[in-house]
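*Asks:* Position chain W against the provided structure of chain P, taking the given hints into account.
Protein chains in written order, with our numbering: chain P, 4 to 127; chain W, 998 to 1221.
Just so you know, these hints were derived from the structure itself, not from any lab. Worth double-checking, as some hints may not be accurate.
[Stated by the list, open to error] One-sided and incomplete, this derived list gives chain W residues near chain P with beta-carbon spacing under 10 Å: (1) Gly1039; (2) Ser1086; (3) Glu1088; (4) Ala1150; (5) Leu1159.
All values reported here derive from a predicted model rather than from experimental measurement. Glycine residues also receive a C-beta, built at the ideal position from the N, C-alpha and C atoms.
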Amino acid sequence: MCAAAVALITGLTGCASAEEGAAGQAAQRFYSAISAGQGDRACALLTPRAAESVESGGEACARAVTTLVMPGGEVRGAEVWGDEAQVRLVRDTVFLHRFPQGWLVRAAGCRPHGELPYDCEVEG
Amino acid sequence: MRGFVKDNALSLFFLVLFLLSLAGQSVAGTADYNARLLAEGGSTVSWAEYVTSSDFAVDVAENWQSEYLQFLLFILATVWLVQRGSPESKEPGKEGRESDHDQQVGRYIEPDSPSWAKAGGWRLKLYGNSLGLLMGLIFVLSWLAQSVAGRAAYNAEQLSQLQDPVSWGEYVASADFWNRTLQNWQSEFLAVLSMVVLAIYLRQRGSPESKPIGAAHKATGVEG
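Bound conformation, chain P alone (with noise of 0.2 Å):
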C-alpha cells in the first residue's frame, strides 16, 4: 500500500525508507540470529513456509537451520513494493514479505539466475 501511495504521488519512487529499514534490519536479525548459533530465533524470523522448508529431511527448523551457509554481510540496499522485500547484502540476497506482526524472511542466501527467480539456500 505504501508503495503506490508514495508512487502515485511522487511518480517514479519505491516505498519509504523507513520500512525498507525495518526490512533491512529484519534481514540482518536472521542472519545474525544464525551466526549466533540461535536456531530458534532464526526460524521465528522466516515466514511458516519458509520455516517448513527448512525442515525438510526431518530435521526441526532450529536445527537445520543453523547448518545452513548464507555468506550475508553488511545491507547494501533495500527496495519494498507493496508487502514484498528484497534486501541486497554483500554477498547474497533476502526477500521478505510484511506480515502484521512485522517482516518476515521469505527467501535468504539468494543468487541472481539470469532471467529466472533467484537460487536461495532457504525459500518457502
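*Replies:* The following block gives chain W in isolation, referenced to the frame of chain P:
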C-alpha cells in the same frame, strides 16, 4: 429537485452505475487479491488497504485510459472521416473543421453562444478544441497513472516470485504494460467499430444514437 433529476437523468444514471461498479470492483478485487496472497503464503489485507494499493489503482487506471482514448479518437476521427449511412458520422462531403456558419462562430455567433465562443482569438481556438483537449489530458494522465501503479504492482509480483524489481522505463517497455494496455484498447476499438457499422442497418426506437426506424440505410448523420 424533481426537475433537476429529470433534466439530468442520463448523467445521474451513469454516475450511479459508475459508483456502484467501482464499489463492486473494490469488494470483488479485495477478495481476489486476498485469495492470491493466501495462496502465496502471505497475509490478507483489509478493504481500505486494497483500495489504496497499486493493484487496485492499476486495474482502475488501465480501464480509464482506454475509455478516454476511445472517446478522444472518436471525437477527432469523426472530424475528418465519415461513414456513409451511420448516425455517428457527418454526411460525406462535410469532412474537416467546417465553416464558421456551420460552427456558429464569427459573424454567425448567437446571443446565447458561450462567452469564449464570442470572445474570438486564442479563447475561441482553445474553446473550439476543449472537448478533445480535456479527453486527451485525462487519457494521458490515466495512462501515466497506469504505468506508475502498474510498475508498483508488477514489482511486488516480481519480488514475491524472487525476481528483481524493474525501473519505470523498463516497465513501460515490458510485456505486462503493453498486454494490459492493448487488451483494453482492442475492446474499445471493436465497440466503436460495432456502433458505427451496426447503426447503419439496425435501429433502436427512441434512441438518439440510432436513426429513426424508417430512415434509409444510406441516410447519414440522422439521429432518431
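*Asks:* Hint by hint, which ones does the structure fall short of?
*Replies:* Of the numbered hints given earlier, those the structure breaks are 2 and 3, listed in rising order.
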